[in-house]
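Engineer: Residue numbers (the numbering used here), protein chains in the order written: chain U, 328 to 764; chain E, 514 to 918.
No wet-lab data here; the hints were simulated from the structure. Only a predicted model underlies this, so the values are computations on that prediction, with no experimental measurement involved. Treat the hints with care, as some may be off.
Derived pair list, reagent style DSSO-like, types lysine-lysine, alpha-carbon separation capped at 30 Å [unchecked claim]:
id: 1; chain 1: E; residue 1: Lys699; chain 2: U; residue 2: Lys414
id: 2; chain 1: E; residue 1: Lys699; chain 2: U; residue 2: Lys449
id: 3; chain 1: U; residue 1: Lys587; chain 2: E; residue 2: Lys699
id: 4; chain 1: E; residue 1: Lys696; chain 2: U; residue 2: Lys406
id: 5; chain 1: U; residue 1: Lys479; chain 2: E; residue 2: Lys696
id: 6; chain 1: E; residue 1: Lys831; chain 2: U; residue 2: Lys569
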Amino acid sequence: MFEDIIDNYIRFLTSLTVDHFIRLFWFFIFFEFIRYFLIEFVILNLWKLSKWLNRDVYEKARQEFLFENPLVSIIIPGKNEGKHIYKLINSLKEQTYTNIQIIVIDDGSDDETPTIGRDLQKAGLIDLFIRNEIRGGKASAANFGLRFTKGKFIIHMDADCSYDRDAIEKIIIPFYLDKEVGGVGGNVMVRNYDESLVTSLQAIEYYDTISIGRAVTSYLGIYRIISGAFGAFRADVLDQMKGWDIGPGLDGDITVKIRKLGYKIKFEQDAVCLTSVPNTFKKLTKQRLRWDKSLIRFRVRKHKDVLFPNQAFKFANFIAFVENITYNLILNFKWYFYLVDMVVNYPSMVLNILITNILLYTFTNFTKFVIYSLYRERKNAPYSFFLIYIPGMVFYFGYYLRIVRTIAYLQEFFFKLSYKDPWNPEKTSVHAKRLKL
Amino acid sequence: MKPVFVLKGININDPFVNRLTDGTIFSLEQIEFIIPTVEKILTKVNDLKFTNSISFEAQMIEKMISFMYTCDVYDLEPVPYVYSGINYSFPILSVNFSQTEEHSVLDILDIAEREGIFESDYYDRIYLCSNCSNGHLTYREVCPKCGSSNSTTEDIVHHFPCGYVGPISDFKNEIDDQLDCPKCDKRLRHIGVDYDKPSILHECKNCSHKFQDYNVKAKCLNCLTDNGVEMLKGREIRKYRLTKKGELAAINGFVSTSKDIEEIIGTVKFDTFKTMLKYEIERLRQTEGSSNICAIHITNPSQVYSKIGSEVQKGLLKDLVRVIRSSIRSSDAITFQSSSTIVLSMNEIPTRIAKRILEEIIVMLKRLMNTAFKNMEVNFETNVMPLDYKISPELHIQQLTKDFK
Ligand SMILES: [Zn+2]
Ligand SMILES: [Zn+2]
Ligand SMILES: [Zn+2]
């Protein structure tokens with residue numbers, strides 16, 4: 328049986344012509360290979376080159392920043408995050424940049440978080456601990472914290488993350504490189520990469536897709552989401568927008584809002600934050616459903632005006648939007664189109680096509696991982712650790728995440744389920760839905 | 514000591530007067546009714562022997578218990594009293610102190626209890642100024658930054674549709690009582706439906722600091738120190754009862770206090786001794802071995818102490834300790850359980866040897882007494898017991914000294 332499959336497959340390979348190959352694997356070639364490898368690779372090189380050419384400019388910006396020594400306010404909103412917070416505060420005490428104001432906002436915790444927060448404040452480890460007795464959701468907690476910030480820049484952090492020693496310095500420098508920058512996203516890496524198969528796969532995803540993807544889009548000026556785990560903003564820009572709007576997906580939302588005001592968004596690969604990712608498929612599914620739903624909600628629903636020319640119209644915003652929609656939403660459904668195309672037109676070859684696809688993806692993933700390693704200066708784990716997991720990426724990325732994404736899109740399109748997400752208190756979701764936010 | 518009666522036309526309710534006098538008469542004709550009381554008091558006064566005490570504390574204790582004995586008062590109860598520096602008064606003792614020194618009353622009562630003069634029960638707890646130990650404090654909620662008590666409080670409003678969070682003044686307009694959101698311009702309609710008030714915010718009028726948690730501070734009305742409440746000295750107020758030992762001390766004279774003898778070189782504090790004992794017992798639980806605890810008791814302390822002045826008393830105790838020290842190892846500890854009882858440890862030797870060492874010590878002590886104080890007899894009692902890891906340090910000491918007179 329198994330030998331038959333091998334025989335059959337070898338025969339299939341030997342009979343494969345170039346035309347035939349393109350016809351059978353068009354999806355891989357045009358979308359995955361060209362977009363996510365070839366183009367990405369070219370841009371990565373351009374980016375590295377420009378970084379090298381601009382190294383003096385960068386150093387000048389850094390000097391300007393350190394000379395000015397502006398106050399940087401850090402807001403850390405969260406519910407029941409008390410237990411994580413020592414680790415975070417520890418990493419903040421180690422920062423190379425020290426003119427910081429740390430504000431922890433407790434969004435109606437029902438555990439020992441208030442005690443921990445007050446202790447930290449009393450001990451002088453944080454500047455301010457404030458609390459909403461009644462939970463109001465992440466956006467309201469962040470907005471509450473924002474009131475107390477005094478800094479020229481605001482950094483939003485998640486309580487379950489910790490930060491590289493130079494993370495704050497690195498994430499602020501881009502504001503001095505280009506005065507039109509309104510927000511900078513930090514580079515999120517996986518702290519618990521060796522906890523389980525799921526976390527290892529996510530670690531690879533964060534390396535290759537998220538981090539590299541963001542570096543590329545940032546270079547092109549179409550970087551989309553400043554991660555809530557580590558994002559820096561100009562205080563005056565946040566003030567113009569009066570803070571965050573109701574989430575989930577408020578990270579992406581605020582990024583679009585900053586763009587609409589005419590500011591640039593940058594990604595800073597060297598500003599590193601470590602986070603703990605979900606350690607089971609169940610938890611991961613829940614997280615990704617939420618993320619993917621917010622794409623529909625914020626891109627297609629709330630901010631669809633970027634598609635239509637008006638006074639706030641910016642070409643880069645338009646491209647960012649189109650790129651995002653194409654490669655997430657449309658691509659996702661194109662893949663099903665490809666699947667149907669194969670099943671209908673080449674029913675006898677489906678198995679061989681599947682095997683080839685898997686091999687192609689795996690080969691690309693290996694190549695990507697090895698080549699991209701050259702473009703990452705900071706790593707938190709030996710790359711060799713991940714090599715054995717790379718074959719799993721086909722299934723993780725190509726099948727698992729795709730299915731989750733499909734479910735999320737369908738749920739959100741037809742049922743607007745994100746408004747029912749317990750991530751927000753129901754009292755706020757009701758309003759978001761009514762106002763089509 | 515003389516009995517005192519008050520002659521007055523009306524009843525008096527002042528706690529001091531009632532407790533410090535022996536009774537009230539309303540006219541001189543009533544004198545004959547108090548004669549038996551007067552006689553009884555005078556007989557009792559005749560029982561009393563007074564001694565020269567080492568310390569002020571001991572003198573105070575002696576004065577207090579003598580008074581209690583003569584008037585047949587066995588209870589010493591705290592009286593809430595606004596003119597007291599610590600808000601509670603023990604009239605027969607507190608009367609000796611000015612308001613600003615009244616906290617010393619508590620120290621003296623502690624000493625008396627430690628000496629076995631009193632038994633006590635919990636009554637209340639008070640807090641005293643960390644600087645001057647005065648109890649007249651005024652508690653205020655103050656700004657955590659500048660300590661000012663001048664602040665205003667506002668509700669925080671969360672507008673659900675846009676996520677705006679801010680003090681209610683952000684939402685107020687100048688025209689009417691409506692509330693409008695400064696972020697999205699919508700009107701607030703119904704609490705719990707489109708907005709709520711998740712917390713409050715205080716703003717300091719002095720330094721403009723905004724905060725949620727006040728600091729509580731206690732300002733001392735005596736010395737004006739602004740105490741953080743965690744800095745205040747908490748003290749227990751207790752109800753006291755004169756013990757049999759206390760009664761005897763009233764008759765025979767009260768001599769010294771362990772507070773003075775704690776300062777004698779070569780000894781450790783009684784509490785420290787108990788801690789060391791605890792560790793030794795713990796150690797014995799894990800290892801084989803024999804350790805002992807010994808006691809030397811002066812059976813006639815008031816006879817001894819009443820004949821000599823306070824400086825000499827101290828010198829006597831110092832000499833006792835020096836002699837004992839010379840006979841035991843440097844790792845062993847000496848303490849005073851009271852002014853007449855010395856407790857010491859003799860670790861890691863058989864009990865029989867410990868007994869012999871103790872006997873030698875007594876011989877030396879007697880020799881010392883004879884040369885230092887001619888025609889004064891000092892009598893000693895002793896006891897030795899091996900440590901037993903099954904019983905507590907307190908029980909060891911209790912058993913060791915239970916047979917002493
Ligand atoms: Zn103040
Ligand atoms: Zn609003
Ligand atoms: Zn004071």
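Engineer: Hints first: check each against the structure and report whether it holds.
Structural biologist: To see whether the hints hold, each was checked on the structure:
no.: 1; hint: E:Lys699 - U:Lys414; verdict: violated, 41 Å
no.: 2; hint: E:Lys699 - U:Lys449; verdict: violated, 38 Å
no.: 3; hint: U:Lys587 - E:Lys699; verdict: holds, 22 Å
no.: 4; hint: E:Lys696 - U:Lys406; verdict: holds, 24 Å
no.: 5; hint: U:Lys479 - E:Lys696; verdict: holds, 21 Å
no.: 6; hint: E:Lys831 - U:Lys569; verdict: violated, 78 Å
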